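S.K.: Next come the chains, spelled out residue by residue.
Protein chains: 2
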Amino acid sequence: MTDIAQTIDAANKEAVRRILSSEPVLIGVVRASEALPRLKAGTILHAGPPISWERMCGPMRGAVTGIAVFEGWASDLDDAERKAAAGAFTFEPNHHYDCVGPMTGMTTSSQMLMVVQNKTFGNLAYCAINEGLGKVMRFGGNDREVLDRIRWLTDVLGPALDAAIKDMGGIPLKAVIARGLTMGDEMHQRNVACSSLLLRQLAPALARTAKDNETLAKCLTFIGANDQFFLNVAMAMGKAMTDPARGIAGSSMVTAMCRNGTDFGIRVSGTGDQWFTAPVEMPKGLYFPGYSEADANPDMGDSAIVETIGLGGFAMGAAPAVVGFIGAGNASEAAVFTRAMGEICLADNPEWTIPSMDYKGVPTGIDIRLVVETGLMPTINTGVAHKKPGVGQVGAGVVKAPRGCFEQALVAFAATMGVKA
Amino acid sequence: MTDIAQTIDAANKEAVRRILSSEPVLIGVVRASEALPRLKAGTILHAGPPISWERMCGPMRGAVTGIAVFEGWASDLDDAERKAAAGAFTFEPNHHYDCVGPMTGMTTSSQMLMVVQNKTFGNLAYCAINEGLGKVMRFGGNDREVLDRIRWLTDVLGPALDAAIKDMGGIPLKAVIARGLTMGDEMHQRNVACSSLLLRQLAPALARTAKDNETLAKCLTFIGANDQFFLNVAMAMGKAMTDPARGIAGSSMVTAMCRNGTDFGIRVSGTGDQWFTAPVEMPKGLYFPGYSEADANPDMGDSAIVETIGLGGFAMGAAPAVVGFIGAGNASEAAVFTRAMGEICLADNPEWTIPSMDYKGVPTGIDIRLVVETGLMPTINTGVAHKKPGVGQVGAGVVKAPRGCFEQALVAFAATMGVKA
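So the sequence lines, in the order shown, correspond to chains L and P. Read in order, the letters of the first sequence correspond to residues 2 to 422 in the working numbering. Read in order, the letters of the second sequence correspond to residues 2 to 422 in the working numbering.
Everything labelled a hint here was simulated from the structure, so no lab data went into it. Note that the structure is a prediction, hence the values are computed from the model and not measured. Heads up, some of the hints might be wrong.
Identical copies look the same in the list; a pair holds intra-copy or inter-copy alike.
[What the hints assert, rightly or not] Computed list of lysine-lysine pairs in DSSO-like fashion (alpha-carbon distance at most 27 Å, straight line): (1) Lys219 to Lys401; (2) Lys120 to Lys285; (3) Lys401 to Lys84; (4) Lys421 to Lys212; (5) Lys167 to Lys212; (6) Lys388 to Lys361; (7) Lys167 to Lys219; (8) Lys212 to Lys389; (9) Lys14 to Lys388.
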C-alpha cells in the first residue's frame with residue numbers, strides 16, 4: 002500500500018468510527034429562532050446545496066411562497082412570489098444551519114424543530130416535524146390547509162412533543178433503528194415500524210404531560226395516522242451522526258448527500274464543507290392514480306442523509322415491502338440493493354443488522370473512490386413531488402446519485418492529497 | 002377422482018372458505034361471568050383438551066392454585082392444592098366455552114376477557130388479557146405479584162380497554178395482521194409489530210375515554226412494554242375464525258390444535274367436537290440464562306390456534322427475526338418452514354401475504370390427510386414454561402404436533418365417510 006493509500010485508509014477508519022460510535026438521542030423540540038440565533042426573519046432554509054430563486058424547481062418555489070405567507074413575510078402567495086423574485090428573501094441550505102428537511106425542506110424562524118443530540122460528540126442537529134402525506138409543504142403544497150397544519154405543528158404538537166420527550170429524559174434512537182430494521186423499515190420510504198415504536202414510547206409521557214385530553218387524543222391521532230412520522234427524526238439523526246465526520250483530512254468518505262430539485266450535492270470529509278453538484282436525476286418508480294412521470298419533479302430533499310448512514314436504499318434488504326411501493330422490482334430481491342451498496346461502502350454497521358440477510362450490518366460510509374471505480378451510484382429511495390407548485394406528492398421511487406458529483410469530488414479530494422487528476 | 006374424494010374436496014373448500022371469508026373484529030372486553038353464563042364459580046377453564054388434576058403438569062397445577070386464590074376459592078396456594086386434589090373444582094377446556102388461553106390458559110368467572118366477533122358468521126370468541134413476560138400465570142406463576150397483576154388487568158386495564166374499543170366502534174383485525182406480516186411478526190412468538198400497531202390505534206381512544214391521566218399513562222406503559230400483548234388478541238381471532246368451520250361433514254380440515262402440557266389435542270371439521278389426543282412433545286429451542294431443557298415443561302397452551310389459521314410457525318417466512326429467538330436455525334431460511342407447511346395445507350390466504358416470498362399467502366387449512374401422507378407435522382412456535390409450579394417462562398422454541406393425533410383423527414374421519422381403516 003502506498004503512503005497516500007495508508008493515509009486515506011486511516012482517515013476513513015476514523016470517519017467511519019465517528020459515525021458508528023455516535024449515540025444520537027432525540028432530546029426535544031425547539032423553536033428555530035431560539036435554537037439557531039443566526040437564522041433571521043426573511044431567511045428561508047431549503048433542502049439541497051445552495052440555489053437561487055431563479056433556478057428553483059416548481060415545488061420548491063411553491064413551498065417558498067407558502068412558508069413566506071406562513072411567516073407573515075408576504076400577504077399571499079402572489080405577493081410572496083413577487084418578493085422572492087425581487088430578492089426580498091435570503092435563501093440558504095439547511096445544511097449550513099445544522100438542519101435537514103425532507104423534499105423542499107423549508108426551515109424558518111417560527112417553526113418548531115426536533116432536536117437530536119449526538120451524545121458522543123455533543124453536536125446538535127434539527128429537523129421540522131413531519132406533516133403527514135399528500136398535499137403538504139415538503140411536496141410543494143402551500144394552501145390554507147397546508148399552512149394551518151404547520152401552524153398546529155408549531156403551536157400544539159411541537160410543544161406537546163417537547164414536554165413528553167423532556168419528561169422521558171430523551172429518546173435514544175440507535176435502538177429504535179435496530180428494532181425497525183427487524184420490522185421491515187428502511188427509514189426512508191418506509192417508517193411504519195419506527196413511527197409506531199416511537200409513538201409507543203411517547204404515548205405514556207404525552208399522557209403524563211398533557212394539558213387536556215382532547216388535545217392529547219388529537220396529537221396521538223396525528224402521529225398514529227402518519228407512517229412517515231419517523232422520517233424527520235431519522236433525518237435529524239443522520240445529520241447528527243455525519244457532522245462529526247466532517248473535515249477529516251485524507252478521508253474520502255461522503256458526509257452528506259442532498260438535492261434541491263435542480264442540483265444534487267455531496268460533501269466529502271476530506272474536502273470539508275465544499276459542495277460537489279450535478280443535475281438531479283428523475284426517480285424511477287410508481288405513481289399515484291392519475292399521475293405519471295410527466296407530472297414528476299426530479300429528485301429533491303435532504304432525506305438522502307439517511308442513505309449516507311446506511312439506511313434507505315442501502316438497507317433495502319430489511320424492507321422487502323418497500324420494493325414494490327417504490328417500483329424497484331421483486332420484493333424477494335430486496336437484498337440485491339443492499340449487497341450492491343456494500344460494494345461502495347467502507348464498513349457494515351454491527352449494531353444495525355438485517356435478519357433476513359443473517360444479520361449482515363447495513364453498509365455504511367460511502368467511499369467516493371469506490372463509487373467512481375465501480376460505477377455503482379448510491380441508490381436513494383425517495384418520494385416524488387409534482388413539478389408544479391401547490392400540488393403535492395404524486396409517487397415514490399428509486400433514484401441514483403449522479404456520477405458527476407463523485408467525479409468532481411474525487412478530483413478535488415485528490416488535490417488535497419497532492420495528487421493531480 | 003372418486004366420489005368420496007370429490008365430497009371431501011367440496012367440504013374442504015367450504016371449510017377453507019369459512020376461514021378466509023371471516024371478518025374478525027375486536028369488539029370489547031367483558032367479565033367472564035357476564036359473557037359466559039355457563040361458567041360457574043368453582044369452574045376453572047384450562048388450555049388444551051380435557052384433563053384431570055391428577056394428570057396436570059407442574060405449571061398447570063401452579064396456575065390452577067394461583068387462580069383459585071385469586072378468585073377467593075382458596076385461602077392460599079396449599080389450601081388450593083388440597084381442594085383441587087379433593088375435587089372441589091371443575092376443570093374444563095377453554096375450547097368448550099368459546100375461549101382460548103395461552104400456555105396454562107386459566108379462565109375463570111371474575112376475569113376480564115377480550116371479545117372478538119366474527120362479523121361474517123356472528124360468533125364470538127374470548128381470551129384473557131396478556132399479562133406480560135417472565136413470571137406470569139400462563140407460565141405457572143402464582144405468587145402475590147402475579148395475582149396483583151391479574152387484579153389490575155381485571156379492575157383497571159380491562160375496563161379501560163373496553164371503553165376505548167367501544168369508543169372506536171371495534172377494531173377490525175384482518176388488516177392489522179396483514180400489516181404485521183409485512184413487519185416481521187408471525188403472531189405467535191413475535192407480536193411486536195401488531196402490539197405496536199394496536200396501541201397506535203387504541204391510544205387516542207384511551208385518551209378520549211380516560212378517567213385520569215395517571216391511570217392512562219399506566220395503561221399505555223403496560224401495553225407498550227409488552228411485545229406479546231397482541232398474542233391473546235390473535236388467539237381470540239383464531240378461535241373466532243375457525244369455529245364457523247367446525248362440523249362440516251366430509252371436511253378433513255383441522256379446526257383446532259391445543260395442548261394442556263400433558264396431551265396435545267386436535268379437532269377436525271368432519272368429526273365435529275371430538276378430541277384426538279397424543280402425548281405432547283418437548284419444544285426444541287433456546288433457554289433463558291440459567292435454564293436448560295432439563296427445566297422445561299413439554300408443549301402447552303391453546304395458542305396453536307394461530308397456526309391453525311396459517312400464522313405462527315406457518316408464517317415463519319414473514320418473521321426471520323423469530324427464527325433465532327426460538328433457536329430454529331438461520332434467519333435467512335425462515336421461508337423453508339412456510340414452504341413446508343404449504344405442503345399440508347389446503348390454500349394460501351390471499352389477504353395475508355409475505356413480502357419477502359413475493360407476497361405468497363400464508364398456508365391455511367391443515368388437511369389431516371396431507372399430514373399423515375407427507376409425514377410433515379405442523380410446526381408450532383411456542384414459549385416454554387418451567388416444569389415446576391410458580392417459576393414462569395424459561396425459553397422459547399419450535400415444537401411439532403404429534404403424529405398420533407392425526408392418525409387417530411384420520412381413522413375416525415374415514416369412518417364418517419363409511420371407510421374402514
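S.K.: Take the hints in turn and mark each one as holding or not.
M.R.: Hint check results:
| no. | hint | verdict |
| --- | --- | --- |
| 1 | Lys219 to Lys401 | neither (38 Å within a copy, 47 Å between copies) |
| 2 | Lys120 to Lys285 | neither (38 Å within a copy, 42 Å between copies) |
| 3 | Lys401 to Lys84 | neither (35 Å within a copy, 73 Å between copies) |
| 4 | Lys421 to Lys212 | neither (63 Å within a copy, 73 Å between copies) |
| 5 | Lys167 to Lys212 | both (15 Å within a copy, 24 Å between copies) |
| 6 | Lys388 to Lys361 | neither (38 Å within a copy, 37 Å between copies) |
| 7 | Lys167 to Lys219 | both (20 Å within a copy, 18 Å between copies) |
| 8 | Lys212 to Lys389 | neither (40 Å within a copy, 49 Å between copies) |
| 9 | Lys14 to Lys388 | neither (41 Å within a copy, 51 Å between copies) |
Violated hints, listed in ascending order, are 1, 2, 3, 4, 6, 8 and 9; each of the other numbered hints is respected by the structure.
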